[in-house]
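Each chain is listed here by its residues.
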Amino acid sequence: MPAEIEVYQVSYSFGPKIALDNVTFRLDSPFFCVVMGPNGAGKTTMLKLMLGLLKPKEGYIRIFGHDVVKETSIIRKNVGYVPQVVNIDYHVPVTVEEVVAMGALSKDIPPRILTKSIKKKVEEVLEIVGLEDSSSLFTELSGGQRQRALIARALISEPKLLLLDEPYSMLDFDMKCEIAELLYRLHKEKGIDVFLVAHELSPCIHLEPTVILLNKRVYAVGKAGEVLRLENLKRAYPGLTEVPAGFILGEDHA
Amino acid sequence: MLELLTLTYMLAVAGGVLVGAISLPLVLSRSTLFALTMTHSVLGGAILGIYLNAVFNLGVPVPMVATLTALTLSILAAELSERIFSEDVAIALTVTIATTITIIFSYLTIQVSSTGLSEAWLYVAGTSAIATVGDLTKMMTAAIIVAPLIHLISRELKYIAFDRDGATAMGLNVRVYRYLFFSLSALATSTLASTLGVLATHVLLAVPGAVAIRFGKKGSLTVSYAAAVILALTGYLTAQLLGIPPSGGIGLVSGAVILGLVIRHERR
Numbered sequence: 014m015p016a017e018i019e020v021y022q023v024s025y026s027f028g029p030k031i032a033l034d035n036v037t038f039r040l041d042s043p044f045f046c047v048v049m050g051p052n053g054a055g056k057t058t059m060l061k062l063m064l065g066l067l068k069p070k071e072g073y074i075r076i077f078g079h080d081v082v083k084e085t086s087i088i089r090k091n092v093g094y095v096p097q098v099v100n101i102d103y104h105v106p107v108t109v110e111e112v113v114a115m116g117a118l119s120k121d122i123p124p125r126i127l128t129k130s131i132k133k134k135v136e137e138v139l140e141i142v143g144l145e146d147s148s149s150l151f152t153e154l155s156g157g158q159r160q161r162a163l164i165a166r167a168l169i170s171e172p173k174l175l176l177l178d179e180p181y182s183m184l185d186f187d188m189k190c191e192i193a194e195l196l197y198r199l200h201k202e203k204g205i206d207v208f209l210v211a212h213e214l215s216p217c218i219h220l221e222p223t224v225i226l227l228n229k230r231v232y233a234v235g236k237a238g239e240v241l242r243l244e245n246l247k248r249a250y251p252g253l254t255e256v257p258a259g260f261i262l263g264e265d266h267a
Numbered sequence: 004m005l006e007l008l009t010l011t012y013m014l015a016v017a018g019g020v021l022v023g024a025i026s027l028p029l030v031l032s033r034s035t036l037f038a039l040t041m042t043h044s045v046l047g048g049a050i051l052g053i054y055l056n057a058v059f060n061l062g063v064p065v066p067m068v069a070t071l072t073a074l075t076l077s078i079l080a081a082e083l084s085e086r087i088f089s090e091d092v093a094i095a096l097t098v099t100i101a102t103t104i105t106i107i108f109s110y111l112t113i114q115v116s117s118t119g120l121s122e123a124w125l126y127v128a129g130t131s132a133i134a135t136v137g138d139l140t141k142m143m144t145a146a147i148i149v150a151p152l153i154h155l156i157s158r159e160l161k162y163i164a165f166d167r168d169g170a171t172a173m174g175l176n177v178r179v180y181r182y183l184f185f186s187l188s189a190l191a192t193s194t195l196a197s198t199l200g201v202l203a204t205h206v207l208l209a210v211p212g213a214v215a216i217r218f219g220k221k222g223s224l225t226v227s228y229a230a231a232v233i234l235a236l237t238g239y240l241t242a243q244l245l246g247i248p249p250s251g252g253i254g255l256v257s258g259a260v261i262l263g264l265v266i267r268h269e270r271r
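These protein sequence lines are chains A and B, in that order.
Using the working numbering, you'd call the opening residue of the first sequence number 14 and step up by one each time.
Using the working numbering, you'd call the opening residue of the second sequence number 4 and step up by one each time.
Hints are not guaranteed to be accurate.
In the BS3-like style, the derived pairs of lysine-lysine whose C-alpha atoms are separated by at most 27 Å in a straight line are [claimed, not checked]:
hint : chain 1 : residue 1 : chain 2 : residue 2
1    : B       : LYS141    : A       : LYS120
2    : A       : LYS129    : B       : LYS141
3    : B       : LYS141    : A       : LYS133
4    : A       : LYS30     : A       : LYS90
5    : A       : LYS70     : A       : LYS83
6    : B       : LYS141    : A       : LYS132
Short derived list, chain B residues pointing at chain A, Cβ under 8 Å [what the hints assert, rightly or not]:
hint : residue
7    : LEU152
8    : ILE156
9    : ALA164
10   : PHE165
11   : ASP166
12   : ASP168
13   : ALA172
14   : ASN176
15   : ARG217
16   : PHE218
17   : GLU269
18   : ARG270
Rather than coming from a laboratory, the hints here were simulated on the basis of the structure.
Backbone N, C-alpha and C define an ideal beta-carbon position, used for all residues, glycine too.
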């Protein structure tokens, strides 16, 4: 049976700068996985490669047994993507309803009309993520609400897998925990596998995620307790010299 | 006289519709600079057309050469920014090419035609002070092509401007939308420049979109249309009252609108 995510000897570079070097790992469903690593570790590049937004220089990535470069359309039907909020252009006046609906409309052919059935679906997914007012402008939402709206956008197409880029960024700790709980609930109740990139593990440490320690290469894969050992952390975070007792894992704190 | 005035104001309305359609997506996608680049391409294309007609006696309509040049350079800009450079660098390179064409063929045109440069100057100042049925037909044809197509893809354009990577990941063909939008912008800019003039087109392109974002909560295209039509009409009227070219009138009214937006923003 094909692995849900199979990354095999993948390398990628931006010109002479190596972003990923011979990365290999495999995840079988069900999983709730967090990719951790310092700034410039290649975490976002990894996500973009998985989405087919970038093409590996070497190696291959298969999701549900499909090659992400050759069978991009199949991948995109089954995968929901939640971008980093810093990559969103807040200057564009777009409502929550428009944002979420595009998750469904993008699967149609033009003209993409907001029908009653899509509006109903929008309301349904907004209820799942705990948002009420679909007529609000995206820019008027708080950080946590924005993240929920983006998750709703990914959910509306009923994906089997969610890929999230820094879903905890620019949120306070309580909000980070709420988002982590929401994702875990989706994983448990809806059977959606979650693959997220984060600087911090602490908001979801109690959810016992699978952790991939990445810094251009994969340094460890496994349950948090196995992976987050001092020897692994020192290799993935070269600046780390000692780990204070009871520290909160994550680059911001390392 | 009445007929001429009617024709002139109809031209202003048609121009307003054309500008209203492209201005908002241009502002939302931060591509106003690109559209302004197209005015340089139109000028370069016009001078190239005048030169070719003068030397080879081809009898090719100059606006057609200007439009084709603008379309070619718009596709080049889209391709460069998709493949190699950031959008501003791609635009800068395209402007360089357009300006080089303008300079070289201006020099060559002077050698072969005594009226060539003054003909080209009409592209800068505009011909619409004496609007013709031909101008109106051209403007309406462009509006009929551009406005419905922009409406058809406006949701996608807005969405790509909001989150380009997300749009791609969801399956939108961002590259095709970009090419289509750049081509429509080039067509609109070329038509506007050959009737209202390059200077008026410069002024008109950004203001309606900016007004739509400021006054329409969701950046409504209707507000963009309304702003563009009112701007064009009042610009023409101002020009007529002051006895200046239409581009001057549009420039004055646009300046007043921008000033109004700034004052409104400061008072908030």
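Review point. Once the shortest beta carbon distance from ILE156 of chain B to chain A is found, is it less than 8 Å?
Key: Interface hint status for ILE156 of chain B: holds (7 Å vs cutoff 8 Å).
Practice item. Identify whether the interface hint at ARG217 of chain B stands, where standing means a beta carbon of chain A within less than 8 Å of its own. Key: With a minimum Cβ separation of about 10 Å from chain A (threshold 8 Å), the hint on ARG217 of chain B is violated.
Exercise for review: Mind checking the CB of ARG270 of chain B against every CB in chain A and telling me if the closest is under 8 Å?
Suggested key: violated (21 Å)
Point to revise | Restraint satisfaction for ALA164 of chain B [CB to CB of chain A, less than 8 Å] | key: At about 5 Å, which falls below the 8 Å cut-off, the nearest Cβ of chain A leaves the hint on ALA164 of chain B intact, so it holds.
Check your understanding: Is the Cα-Cα distance between LYS141 of chain B and LYS133 of chain A 27 Å or less?
Key -> violated (44 Å)
Review point. Is the interface hint for ASP168 of chain B satisfied, with its Cβ closer than 8 Å to some Cβ of chain A?
Key: holds (5 Å)
**Study point:** Straight-line alpha-carbon gap LYS141 of chain B to LYS120 of chain A, limit 27 Å
**Key:** The hint is violated at about 37 Å.
Check your understanding: Taking the least C-beta to C-beta distance, is LEU152 of chain B closer than 8 Å to chain A?
Key -> With a minimum Cβ separation of about 10 Å from chain A (threshold 8 Å), the hint on LEU152 of chain B is violated.
Review point. Straight-line Cα separation of LYS70 of chain A and LYS83 of chain A no greater than 27 Å?
Key: Within the cut-off at roughly 14 Å; holds.
Review point. Taking the closest Cβ pair, is PHE218 of chain B under 8 Å from chain A?
Key: With Cβ-Cβ at 11 Å, over 8 Å, it is violated.
**Study point:** Interface hint outcome for ALA172 of chain B [beta carbon to chain A under 8 Å]
**Key:** holds (4 Å)
Check your understanding: Does the alpha-carbon distance linking LYS129 of chain A and LYS141 of chain B stay inside the 27 Å limit?
Key -> Since the Cα atoms of LYS129 of chain A and LYS141 of chain B sit roughly 39 Å apart, the hinted pair is violated (cutoff 27 Å).
The structure fails hints 1, 2, 3, 4, 6, 7, 14, 15, 16, 17, 18 (numbered hints given earlier, in ascending order).
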